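Novice: Chains V and W supply the protein sequences, listed in that same order.
According to my numbering, the first sequence holds residues 72 to 491 in order.
According to my numbering, the second sequence holds residues 276 to 642 in order.
The reader is advised that the hints may include incorrect statements.
Stated by the list, open to error - Listed next, the in silico DMTMM-like pairs over lysine to aspartate or glutamate satisfying Cα-Cα at most 20 Å (straight line):
| # | chain 1 | residue 1 | chain 2 | residue 2 |
| --- | --- | --- | --- | --- |
| 1 | W | 330 | W | 320 |
| 2 | W | 441 | V | 349 |
| 3 | V | 189 | W | 631 |
| 4 | W | 473 | V | 219 |
| 5 | W | 487 | V | 262 |
| 6 | W | 500 | V | 175 |
| 7 | W | 604 | W | 529 |
| 8 | V | 189 | W | 479 |
| 9 | W | 343 | V | 219 |
| 10 | W | 343 | V | 348 |
| 11 | V | 174 | W | 320 |
| 12 | W | 555 | V | 175 |
| 13 | W | 427 | V | 348 |
| 14 | W | 615 | W | 631 |
| 15 | V | 358 | W | 375 |
Claimed, not checked - According to the in silico footprint, chain W covers these stretches of chain V (three or more CB under 8 Å from chain W):
| # | segment |
| --- | --- |
| 16 | 153-164 |
| 17 | 172-179 |
| 18 | 299-305 |
| 19 | 313-325 |
Claimed, not checked - Partial selection, computed: residues in chain V whose CB lies under 10 Å from chain W:
| # | residue |
| --- | --- |
| 20 | 84 |
| 21 | 201 |
| 22 | 394 |
| 23 | 455 |
Keep in mind the hints are simulated off the structure, nothing from the lab.
Fair warning: this is a prediction, and the values are worked out from it, not measured in the lab.
We put the CB at the ideal spot given by N, CA and C, even for glycine.
Residues per chain, in single letters:
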Amino acid sequence: MSTTTDRVMRTADGLPLKLSLQKALARSRLRAALLVLPLLGFLVVAFLLPIGDMLFRSVDNRIVGSILPRTALAIQGWDADGTELPGEAVFEALVRDMQAAAKERTLGRAARRLNYEKPGMSSLFRKSGRRAKRITGPSWRDRLIGIDKRWADINVWRLIHRESGALTGSYFLSAVDLSLNDRAELVRQPEPRRIYLTLFGRTVWMSGLITVLCLLLAYPVAYLLATQPLRVSNLLMILVLLPFWTSLLVRTTSWIALLQTEGVLNDLLVFAGLISEDGRLQMIHNKFGTFVAMVHILLPFMILPLYSVMKTIPPSLMRAARSLGATPFTAFVRVYMPNTVSGVGAGCIMVFILSIGYYITPALVGGRTGTFISNFIAIHVSETLNWGLAAALGVLLLGLVLALYLLYDRIVGIDNMKLG
Amino acid sequence: MKHAFRPLAAAAALALAAGGAHAQNLTIVSWGGAYTASQQQAYHDPYMAANPGVKIISDDSASEGLAKLRAQVESGTVTWDVVDMVAADAIVACDEGLLETVEPDSWLAAAPDGTPASKDFIAGTLTIGGTNCFIPQIVYSTTFGYRTDAFKGRQPSTIADVFDLKTFPGKRALEKKPIANLEWALIADGVPGKDVYKVLATPEGVTRAFAKLDTIKDQVVWWTKGAQPPQLLADGEVVIASAYNGRLFSAIVEKKQPIAMLWDWQAFDLDGWVVPRGAKKLPAIRKYLRFATDTQRLADQAKYISYGPARNSSIPLVGKHAKLGIDMKPHMPTNPKNAKTILLFDYVWWADHRAELDERFNAWLAK
Numbered sequence: 072m073s074t075t076t077d078r079v080m081r082t083a084d085g086l087p088l089k090l091s092l093q094k095a096l097a098r099s100r101l102r103a104a105l106l107v108l109p110l111l112g113f114l115v116v117a118f119l120l121p122i123g124d125m126l127f128r129s130v131d132n133r134i135v136g137s138i139l140p141r142t143a144l145a146i147q148g149w150d151a152d153g154t155e156l157p158g159e160a161v162f163e164a165l166v167r168d169m170q171a172a173a174k175e176r177t178l179g180r181a182a183r184r185l186n187y188e189k190p191g192m193s194s195l196f197r198k199s200g201r202r203a204k205r206i207t208g209p210s211w212r213d214r215l216i217g218i219d220k221r222w223a224d225i226n227v228w229r230l231i232h233r234e235s236g237a238l239t240g241s242y243f244l245s246a247v248d249l250s251l252n253d254r255a256e257l258v259r260q261p262e263p264r265r266i267y268l269t270l271f272g273r274t275v276w277m278s279g280l281i282t283v284l285c286l287l288l289a290y291p292v293a294y295l296l297a298t299q300p301l302r303v304s305n306l307l308m309i310l311v312l313l314p315f316w317t318s319l320l321v322r323t324t325s326w327i328a329l330l331q332t333e334g335v336l337n338d339l340l341v342f343a344g345l346i347s348e349d350g351r352l353q354m355i356h357n358k359f360g361t362f363v364a365m366v367h368i369l370l371p372f373m374i375l376p377l378y379s380v381m382k383t384i385p386p387s388l389m390r391a392a393r394s395l396g397a398t399p400f401t402a403f404v405r406v407y408m409p410n411t412v413s414g415v416g417a418g419c420i421m422v423f424i425l426s427i428g429y430y431i432t433p434a435l436v437g438g439r440t441g442t443f444i445s446n447f448i449a450i451h452v453s454e455t456l457n458w459g460l461a462a463a464l465g466v467l468l469l470g471l472v473l474a475l476y477l478l479y480d481r482i483v484g485i486d487n488m489k490l491g
Numbered sequence: 276m277k278h279a280f281r282p283l284a285a286a287a288a289l290a291l292a293a294g295g296a297h298a299q300n301l302t303i304v305s306w307g308g309a310y311t312a313s314q315q316q317a318y319h320d321p322y323m324a325a326n327p328g329v330k331i332i333s334d335d336s337a338s339e340g341l342a343k344l345r346a347q348v349e350s351g352t353v354t355w356d357v358v359d360m361v362a363a364d365a366i367v368a369c370d371e372g373l374l375e376t377v378e379p380d381s382w383l384a385a386a387p388d389g390t391p392a393s394k395d396f397i398a399g400t401l402t403i404g405g406t407n408c409f410i411p412q413i414v415y416s417t418t419f420g421y422r423t424d425a426f427k428g429r430q431p432s433t434i435a436d437v438f439d440l441k442t443f444p445g446k447r448a449l450e451k452k453p454i455a456n457l458e459w460a461l462i463a464d465g466v467p468g469k470d471v472y473k474v475l476a477t478p479e480g481v482t483r484a485f486a487k488l489d490t491i492k493d494q495v496v497w498w499t500k501g502a503q504p505p506q507l508l509a510d511g512e513v514v515i516a517s518a519y520n521g522r523l524f525s526a527i528v529e530k531k532q533p534i535a536m537l538w539d540w541q542a543f544d545l546d547g548w549v550v551p552r553g554a555k556k557l558p559a560i561r562k563y564l565r566f567a568t569d570t571q572r573l574a575d576q577a578k579y580i581s582y583g584p585a586r587n588s589s590i591p592l593v594g595k596h597a598k599l600g601i602d603m604k605p606h607m608p609t610n611p612k613n614a615k616t617i618l619l620f621d622y623v624w625w626a627d628h629r630a631e632l633d634e635r636f637n638a639w640l641a642k
């Protein structure tokens, strides 16, 4: 063994070479880490923390427990599966909680939270909260039921019991058209209220079709761009990029002007005698409008990766195939197309993921049959302030995208993707 | 970061204390466009002229007001001072504890004849939906406009005509929300206006409203932004549309489109001021609000936009349009001629049922 140590190579200052190399590498790793640090910090602060916070809201249920703390504690001892109303102590706890919450002006939040689960809770709490001030003593139960007889409804108490924990699954249940009934059994929402699964389904299949349409349209364009002489391809490139640089809203609104029933296209068709004045076509405010506008808006995201990949395919490949006896068609399908798979993959993933989260275009041209799940996330964030449900829908959408991404990785392999 | 700025903040506070009315900024959030312009001319400019130390900064993000307000209050970084909100949003925000409570008689100016503010604002508007955070400015309405060249002979004049495709064929535009549409459907189906919410409170009533909407479903274009319905009417895309009355006024009177008003069962609504909870400049905010909601100022706003003032004492003071010189009184939703039949939203009922009916409405749309 000693002979081997003697043979260790050393640097000029006598350190073993291996150690010295390690030191140097560690230094450069540290330098690299320091260089990435600002970006990492930025990502954590501007992306991971807010996203994490938003995701947590989908299960966060501290509202009821923190606004009605005495009730949440007292009701733990009550048998929610039984048929008896909770005891006097729970009623007293609720009255005291309502008095405190009315002073802090937080009762409305708890009421709105419970109203998501059971319509009518909002007005029940509002009314009781206003009058609870005057309740001072026994019997708490009779006094509260005297304010509103709904307090004698055991299902109201079952709901409070169920939703007084710190975490809840009810936002996720709502997001897939399920709910818990009064006995905490899992049931589907009544038929007229089922909406989210339909929307998820529609978002996925429409995004899929948009991706396919984009690919069909983009492939020949990208091919032209990559194979034409520079003078021509530059001009073509400008035609692709100009709309890309134009405001999204302008492009969407232009489609409305073109496609509406009194619009340019219908006018032309009537003028040409192809359709009658009464037979004007409905081409906007429906699925068709969403397809047209979205395909147009997302097309550059397909063309550009395809182009950048096609540009790298040497023309000699096709010539070689031809000289070996392939027809132009065979050469294209067997030699050229396999070389573009990485661009196709990149373009498809990009268009699909962008379109699955698209929001403003479907809102403007989608009418009643062409809106996406993201439109509902927006409604719950900015109009109904039901951020829990918005977060749950967002988590499901994120999960869906990740699942499709993994599927893609299994089938095509993510290493084959080429963005440029 | 916070510490670095502390000396600066202290210096600023000192300067303020020493100099009295040094420049102070008030950030006022409103809807932008013609609406903010009317507030600028009626409230902001006169206030800044009278108080040279104050600078009012307009922020046009009221359409995302609710969500941004919540984000500000929850994170404890309130940068807005006064926010313009529709009543429905103000009720939600107040319930969520995002707003300062308003004591009308100590915050707001009395009418010129001495009537206290709590009596002078149109009854019930200061306590809308059982809340006490909202100072109404204007009464607006969602009502109907129709193209005058679309029908020969009799023109549509009632809410039942809106649902009558036989006599008045053609596309309609309605707002993509259940509120107002369900009420209108029931009234058109023969329910007396005063019983609408009684009927709607039963499952059969809701089904009946949707069944009535079903009869025109194929002919409806659903709008989401206030600018859409006047445009749809002007393009001839639809022949009857529900829209905010001020938008219709501008299409008819300012842009001279062939459109006429159909005021039957116009849905009254309110728009007004709220103050975010934890706003830092409360005294300055109250001073501004006292000025901007007095009798004359509310009447002045109607010179620039056709929305009715929310104070009874302002109504007789409504004058002529600032540019066109026409009398604005006949264009006010509150004018007795226009307000023969009005729909008053039951906000407490809607707070109970909004989530449920939103889902049902959208599921119905998607079918």
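Novice: Taking the numbered hints from earlier one at a time, note which ones the structure violates and give those numbers from smallest to largest.
Specialist: Structure breaks hints 6, 9, 10, 11, 14, 15, 16, 18, 19, 20 and 22.
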